[in-house]
Amino acid sequence: MSTQHVDKSIDCKGLSCPMPIVRTKKAVDEMQPGQVLEVLATDPGSVADMKSWADRTGHQFVGTEEEGGTFKHYIRKADANEVKAEQKHPHTISNEDLQAKLGTTPVILDVREPMEYHFGHIPGAQLVAFGQLEERLAELADLKDQEIHIVCRTGNRSDMACQLLAEKGFSHVKNVVPGMSQWTGPVEK
Amino acid sequence: MAVKEMTSKELHARIDAGDSVFILDVRNPNDFEDWKIEGKTLRQVNIPYFDFLEEDEAVYNQLPKETEIVVVCAKGGSAQMVAEQLDEKGYSTSVLEGGMLSWSQFYHPVTVSTGEDMKLIQLNRLAKGCLSYMVISGGEALVVDANRHIEEYMALAKRENVKIAHIIDTHLHADHISGGAALAQETGATYYLSSSEMQGSTALPYEPLEQHETLKIGSVNAKVLAVPTPGHTPGSTSVLIDDRFLLSGDTIFVGGLGRPDLGGKAREWAQSLYDTVFKTVAALSDDVLVLPTHFADIKEINENGYVGATLGAIRASNEVMRNEDREAFTEKVAGASGATPPNFEEIVGINRGEIQVTAEQATDLEIGPNRCAVHHS
Chain A
1 MSTQHVDKSI DCKGLSCPMP IVRTKKAVDE MQPGQVLEVL ATDPGSVADM KSWADRTGHQ
61 FVGTEEEGGT FKHYIRKADA NEVKAEQKHP HTISNEDLQA KLGTTPVILD VREPMEYHFG
121 HIPGAQLVAF GQLEERLAEL ADLKDQEIHI VCRTGNRSDM ACQLLAEKGF SHVKNVVPGM
181 SQWTGPVEK
Chain B
1 MAVKEMTSKE LHARIDAGDS VFILDVRNPN DFEDWKIEGK TLRQVNIPYF DFLEEDEAVY
61 NQLPKETEIV VVCAKGGSAQ MVAEQLDEKG YSTSVLEGGM LSWSQFYHPV TVSTGEDMKL
121 IQLNRLAKGC LSYMVISGGE ALVVDANRHI EEYMALAKRE NVKIAHIIDT HLHADHISGG
181 AALAQETGAT YYLSSSEMQG STALPYEPLE QHETLKIGSV NAKVLAVPTP GHTPGSTSVL
241 IDDRFLLSGD TIFVGGLGRP DLGGKAREWA QSLYDTVFKT VAALSDDVLV LPTHFADIKE
301 INENGYVGAT LGAIRASNEV MRNEDREAFT EKVAGASGAT PPNFEEIVGI NRGEIQVTAE
361 QATDLEIGPN RCAVHHS
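Protein sequence lines correspond, in order, to chains A and B.
The working numbering puts the first residue of the first sequence at 1, with every later residue one more than the last.
The working numbering puts the first residue of the second sequence at 1, with every later residue one more than the last.
Next comes chain A alone, as it looks inside the complex:
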């Protein structure tokens, strides 16, 4: 896990309630929308509180892992634009339709952050975080004429990715809507 990319990490080991949440809030306030924070904590109460706090403040609770008594919580700062943005790419596919096609091993690009991908993605989906998409276009050149399904959490980052790829000459790009937040199909970790 330590090889995964996070934008910031804070150490709350040994601190008890309310300090892990107080520090988390302070750290998130100083971050950019869309960035991922890692919180190390040993207070077992932090597990439920972290999720509950994120839900109430609108930040995304990505997941928690435990390793030798230390909890690692991952929080992605809310992106106001992401919620409101209008989806522009005309070609979409529903979660259900994509799930029905999984047997034919479709090409799926997951454009979320590595940490979100780590906590659950569609089997066979390839990780290309939206922020790195442009610089990694060369790797994707072989897919130019193939059907590509692009997924994120709510369909907005994937919409922007679709627009970018279409502009660069990818001819069959489809945005998966609504995306992983509503995905009920198989998930790989």
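By construction, these hints were calculated from the structure, which means they are not laboratory data.
Among the clues, some could well be false.
Some chain A residues close to chain B (C-beta under 8 Å, calculated; not the full set) [claimed, not checked]:
no., residue
1, I21
2, V22
3, D49
Beta carbons: idealized from backbone N, C-alpha and C, even for Gly.
Given chain A, work out where chain B should sit, using these hints.
What follows is chain B alone, placed relative to chain A:
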């Protein structure tokens, strides 16, 4: 102004006296839903502590300026933070010292009956809905269904100036950790439990309860009669004191019957429960006072301050106690069971002496409400 600290005992005394108490519980909403302080005249709101970190004045709208606010959290830390913030804004606040952790370890003793020959005290562990008993006669005491904070029983025995001689667990508890074996070790008393509950485990020293029809407490003839009442667990035993008080364990509650499903044999145990209710218990008079090991609702605390009701009253208010159709009874009781107590498999292992835990682990395993009664009226 300053933030005051309030102990669980002080908080209980105020609730018990019918004072108007306003509680602000700052734990997260799931924890609050699961388990909270209850009281008949209590006003209470739940606003998680992290809502107070946002600069949103709306959270204060639900809080009274004219009444003292008792702030409660899991262990005391976040309540202190919120209380200080409220104090700065001019609210009158106090913090429940030690939070729900301390509340879960608070025991309130109430005398049920006192006479020349015998005194019967109920110890109510309010947060868990757990009841235990001390029967006193001639300088000796019998403790029934002791919880794990054994110092409570030792302190009570000291106040009453008696020696604890006998300790009974009515059954192998699944929802809380028994203090029976530890209390016996500390006081030199004998620990009794029905041997079928141990299922062959010899990890704890105990005296098979089924081999004793009566136990004598003190020099006075206070009669203790072990009445086998299987159903909740196969070796559940009730204790009839002086033909007047039935310490019923988890077999009969004020509000209904024990749940028979915790051993994975719901139908079989439901039929034993039927036999218990319609044969063993049916022979007892309506005047017998039933004193159970749990209660599910503070409404079960009666006007005398203890949980208990006469067998006649329980028969009258629980349809299931009058339903003599064995099939229908089994169906109803085996079918209506709900969520199992949290961590019940570990707790059973600890109570059999097969698992050892630290005090801190024990606390974590026990936290939360009791789920041993079946609700049906």
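Do the hints match the structure? See the list:
Interface hint at I21(A): satisfied, since its Cβ lies 5 Å from the closest Cβ of chain B, which is below the 8 Å cut-off. Given hint, V22(A) at the interface with chain B, holds; its Cβ is 7 Å from that chain's nearest Cβ, closer than 8 Å. About 5 Å separates the beta-carbon of D49(A) from the nearest beta-carbon of chain B, less than 8 Å, and the hint is met.
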